[in-house]
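Peer 1: Since the structure of chain A is provided, determine the placement of chain B on it from the hints.
Going line by line, the protein sequences match chains A and B.
1 is the number of the first residue of the first sequence in the working numbering; add one for each residue after it.
1 is the number of the first residue of the second sequence in the working numbering; add one for each residue after it.
Please note: incorrect hints may appear among the correct ones.
Straight-line alpha carbon distances no greater than 20 Å define the calculated EDC-like cross-link-like pairs of lysine to aspartate or glutamate that follow [stated by the list, open to error]: (1) A:120 - B:85; (2) A:27 - B:173; (3) B:426 - A:80; (4) A:87 - B:407; (5) B:425 - A:86; (6) B:478 - A:61; (7) A:27 - B:177; (8) A:87 - B:406; (9) B:400 - A:86.
In silico contact screen, one side only, chain B against chain A (beta carbon under 10 Å); selected entries [stated by the list, open to error]: (10) 51; (11) 77; (12) 181; (13) 420; (14) 427.
FYI, nobody ran anything at the bench for these hints, they're computed from the structure.
Positions of the beta carbon are idealized from the N, C-alpha and C atoms, including for glycine.
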Amino acid sequence: MANFIDRRLNSKNKSTVNRQRFLRRYKNQIKKSVSDAINQRGVTDIDSGENIIIPKQDLSEPIFHQGDGGIKDRVHPGNDQFSPGDKIPRPPKQQGQGSGQGDASDSGEGDDDFTFSISKEEYLNLLFEDLELPNLEKNQLDKMIEYKTVRSGFCAEGVASNIDIVKSLQGSIARRIAMSASKRKKLKQLEQELLVLSHDKHDHIQQERALRLEIETLKSKIAKVPFIDTFDLRFRNYAKQAVPTSKAVMFCLMDVSGSMDQATKEMAKRFYILLYLFLSRTYKNIDVIYIRHHTQAKEVDEHEFFYSQETGGTIASSALELMNDIICERYNDNQWNIYGAQASDGDNWADDSPRCQTILEQQILPKSRYFSYIEITQRAHQTLWKHYQKVEDSHSNFAMQHIKSVADIYPVFRELFKKNTQSVA
Amino acid sequence: MTNTNDDTAQKTKVTPLDDSPDWTFDLLGQYQQEIARVADFYRLDTYTNQIEVITAEQMMDAYASVGMPIGYSHWTFGKKFIQTEQNYQRGQMGLAYEIVINSSPCISYLMEENTMTMQALVMAHACYGHNSFFKGNYLFKSWTDASSIIDYLLFAKNYIAQCELKYGISDVEATLDACHALMSHGVDRYKRPQKISLDEELKRQSERAEYLQSQVNALWRTVPKKAEQKHEKKNIFPKEPQENLLYFIEKNAPLLKPWQREIVRIVRKISQYFYPQKQTQVMNEGWACFWHYTILNHLYDEGLVTDKFMLEFLHSHTNVVAQPEYNSKYYSGINPYALGFNMFIDLRRICEHPTEEDKEYFPEIAGSNWLDTLHFAMENFKDESFISQYLSPKLMRDFKLFHIHDDSDNNYVEIGAIHNEQGYKKVRHNLANQYNLSNIEVNIQIIDANIDGDRALTLRYTPHNGVELGESKDEVLKHLHYLWHFDVKIVQEMKSGEDKIIASCPQKNKDD
Chain A
1 MANFIDRRLN SKNKSTVNRQ RFLRRYKNQI KKSVSDAINQ RGVTDIDSGE
51 NIIIPKQDLS EPIFHQGDGG IKDRVHPGND QFSPGDKIPR PPKQQGQGSG
101 QGDASDSGEG DDDFTFSISK EEYLNLLFED LELPNLEKNQ LDKMIEYKTV
151 RSGFCAEGVA SNIDIVKSLQ GSIARRIAMS ASKRKKLKQL EQELLVLSHD
201 KHDHIQQERA LRLEIETLKS KIAKVPFIDT FDLRFRNYAK QAVPTSKAVM
251 FCLMDVSGSM DQATKEMAKR FYILLYLFLS RTYKNIDVIY IRHHTQAKEV
301 DEHEFFYSQE TGGTIASSAL ELMNDIICER YNDNQWNIYG AQASDGDNWA
351 DDSPRCQTIL EQQILPKSRY FSYIEITQRA HQTLWKHYQK VEDSHSNFAM
401 QHIKSVADIY PVFRELFKKN TQSVA
Chain B
1 MTNTNDDTAQ KTKVTPLDDS PDWTFDLLGQ YQQEIARVAD FYRLDTYTNQ
51 IEVITAEQMM DAYASVGMPI GYSHWTFGKK FIQTEQNYQR GQMGLAYEIV
101 INSSPCISYL MEENTMTMQA LVMAHACYGH NSFFKGNYLF KSWTDASSII
151 DYLLFAKNYI AQCELKYGIS DVEATLDACH ALMSHGVDRY KRPQKISLDE
201 ELKRQSERAE YLQSQVNALW RTVPKKAEQK HEKKNIFPKE PQENLLYFIE
251 KNAPLLKPWQ REIVRIVRKI SQYFYPQKQT QVMNEGWACF WHYTILNHLY
301 DEGLVTDKFM LEFLHSHTNV VAQPEYNSKY YSGINPYALG FNMFIDLRRI
351 CEHPTEEDKE YFPEIAGSNW LDTLHFAMEN FKDESFISQY LSPKLMRDFK
401 LFHIHDDSDN NYVEIGAIHN EQGYKKVRHN LANQYNLSNI EVNIQIIDAN
451 IDGDRALTLR YTPHNGVELG ESKDEVLKHL HYLWHFDVKI VQEMKSGEDK
501 IIASCPQKNK DD
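Bound-form chain A, shown alone:
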């Protein structure tokens, strides 16, 4: 006796709960691993999940088991050289499996750290958990609206090129049936009568003639019902639908003058990564433009952006000008959602700061969704900060924050976006 059951269509993720339990239990280790990993990632590298490494001893499930020492008797197969009484130097510990480790189940695991991958979603969740991102998720930044033509049913009027033949012919059939139905019924009835008369033994010439005439008239009337009528025509209808653009460009502006050391840049990088991740939840395509500046600004690739060192003074306005040029050239603000993020240690040539304010207020901010400035410094604020504060007071899509240490980044990031959402809402 046997029953076959096809279980292949049953849910296969029976272990999902257990996997979540596992992640939950090792959240701290995993989080640490995630935040370590963020430094090694490229800003735009978010499609991959992450490999999580947990030291093995943290994961152990201890049980009582036999340890060292004492007398151990084991039997092995494949004797090729031994005779009873042979004495063999003890093989070094834990090497080679032939040296009589117990069959105890606890020795089954390797000595490596426990490494496994989490998916992109899990990675983002873990990352944003620190950020308390749910707050951010609820309040999306307002987005640029674009229109898209979509099909929306049929209508009776339209241009010839939009005629839908199938629908029109369906209408035609329906109309013809409807218009000729009563006549056909009559016709059928008359033909029946004619048939009855013609089978009659007696002649009914008069009647037959009248019937025939009537049949002829009916037939011609039915034939006159037009095959297609303007009434039948159906046109495909199109409507405009508002779709938010899924295109965004993110400008990363950073001061690379001598005063910015690598640690400061790492902090800025984290901030950029967070911003990118955040944007990537809302937009499908994101371009990232890296602009670094000292006294002159230059558009560079990611690696150069973070890892090359320049010396010299600082003129922040050069970067803003370059950003504005790039926007005019490549990123039409009607089609792109523009985000800017500037990081600096606050050093700027004093006379340049008012100019930064002007460029921002007049050129960049009107085109941008959002512009954030973070100042990473332990020292007192300088002129740039003061001028930017004026911008902040007058513009809702500008935000600035001061970061002192790595630990500040998450809260600051949250703060930046919170402020924005409040003013938008």
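Peer 2: Leaving out everything else, chain B in the frame of chain A:
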């Protein structure tokens, strides 16, 4: 191998079953029917089979839940799943062709990816081999109740899920962790346990919770009774050492909440359910391999399966029962499939074609009816006794078994015995011992709970052959302490004859 069956006197030609690699449910049914017929011919008595076809992912799920078709939620299963998934994806490991569950009806999983030949092999192996073992072996008969296990697991899953809702995931998880650490000490080795039955469980569960609590309260009542009695002799509790740590905890831990006691009980019952499987690995796999081999060969002799089928089958079969030698890089101990399969094959040989040596070593069975003998062996033994009873000198020679005596006092290991006339009995004795659970598992018992004093719990570790307790003892003790809530310590008798505390929780300073 040619089969000498009485009914090979097949009159007409038989049309062989379709041997195309792709299986269909129709074909599965046909093969199943033929296999069932042959199994019946060999008197294999089985539970009704429930054969479930699953995908590779589902197989990994089944792996992760350690063979329980319905498991409660716990992070360790998630960890196992992640490990399995990774090993599988990296190609380090193939999935088992089948998993079979000791239940009635007996559930076996067939993997979708298997070819028709593999499905037939798996059906013969699991649905008739393992299944008849579950139904016939004395350990399974007396320790498990196949008809109620699924219900019980379902009850356990729901109960634990409810607890999580009521008391929070963290507390339930901590309790389960603690229980898992002591899981292999949740079995009465010598007492026959009650069978688990769902009806009873449900009926008695709430009753028991209250009753247990009242018992515990009575035990720990703090009002001093009679002062004089105390002076006369100290109350020893428990009266006799307790080897079933989980049982003792469930009944006597002073501060456990009723739901925690129930969880302790669930883990204990599941541990008990798996206890026979631990003790019969060689026999169980050997029996299943012997029967898939015998049944499929029988079908081949009848002309029901083709050469093509047999070649594929033999290829898989030889992989499964291969035994690498001790110096091979693939060697990881004795392969239970290989040992078990060869022992049953050899047992049949002893019955059918006994040599002089066999007659000397096995006077009772040499020349007896092989089917009777095999059934008797399957029903009445476990690995340890099976090996010490039936391992023949021929097989020891075939396997070239040798015994290593490793005394940590010496800086060398010694070859104790090899596969020769003087060594057969010693090798056999030592191999059998290797499968004796009481040698493998740690002997640790509760000797005192100090109910009149600080409620400290004392356990005694009795070393086997002078082997020390493994390093994880401190970690395990933390778990025990979580359940007991008061001081816990392990003592061991030293060579000088006095007891020494080898582990305690909370940890004491060495000076104390």
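Peer 1: Would you mind confirming whether the straight-line C-alpha gap from residue 478 (chain B) to residue 61 (chain A) stays at or under 20 Å?
Peer 2: At roughly 12 Å apart (the allowed maximum being 20 Å), residue 61 (chain A) and residue 478 (chain B) satisfy the hint.
Peer 1: So, residue 427 (chain B) near chain A? Judge it on the closest CB pair being under 10 Å.
Peer 2: holds (6 Å)
Peer 1: Does the alpha-carbon distance linking residue 27 (chain A) and residue 177 (chain B) stay inside the 20 Å limit?
Peer 2: holds (17 Å)
Peer 1: Checking one constraint from the list: CA of residue 120 (chain A) to CA of residue 85 (chain B), max 20 Å. Satisfied?
Peer 2: It holds: about 17 Å lies between the C-alpha atoms, which stays within 20 Å.
Peer 1: Need the status of pair residue 27 (chain A), residue 173 (chain B): alpha-carbon distance at most 20 Å?
Peer 2: holds (15 Å)
Peer 1: Does the nearest C-beta of chain A fall within a distance shorter than 10 Å of the C-beta of residue 51 (chain B)?
Peer 2: Holds, about 5 Å.
Peer 1: Quick check on the hint: residue 181 (chain B) CB to chain A CB, less than 10 Å?
Peer 2: Since chain A brings a Cβ to about 6 Å from residue 181 (chain B), closer than 10 Å, the hint holds.
Peer 1: With a cut-off of 20 Å on the C-alpha distance, tell me whether residue 426 (chain B) and residue 80 (chain A) pass.
Peer 2: Distance of about 18 Å is within 20 Å: holds.
Peer 1: Verify the interface restraint on residue 420 (chain B): the C-beta must sit less than 10 Å from at least one C-beta of chain A.
Peer 2: Since chain A brings a Cβ to about 8 Å from residue 420 (chain B), closer than 10 Å, the hint holds.
Peer 1: Holds or violated: is the Cβ of residue 77 (chain B) closer than 10 Å to a Cβ in chain A?
Peer 2: Hint on residue 77 (chain B): holds, closest Cβ of chain A at ~4 Å, below 10 Å.
Peer 1: Just to be careful, I want the Cα atoms of residue 87 (chain A) and residue 407 (chain B) compared with a cutoff of 20 Å; is the pair within it?
Peer 2: holds (12 Å)
Peer 1: Holds or violated: residue 425 (chain B) with residue 86 (chain A), Cα cutoff 20 Å?
Peer 2: Holds, at about 18 Å.
Checked against the numbered hints above, the structure violates none of them.
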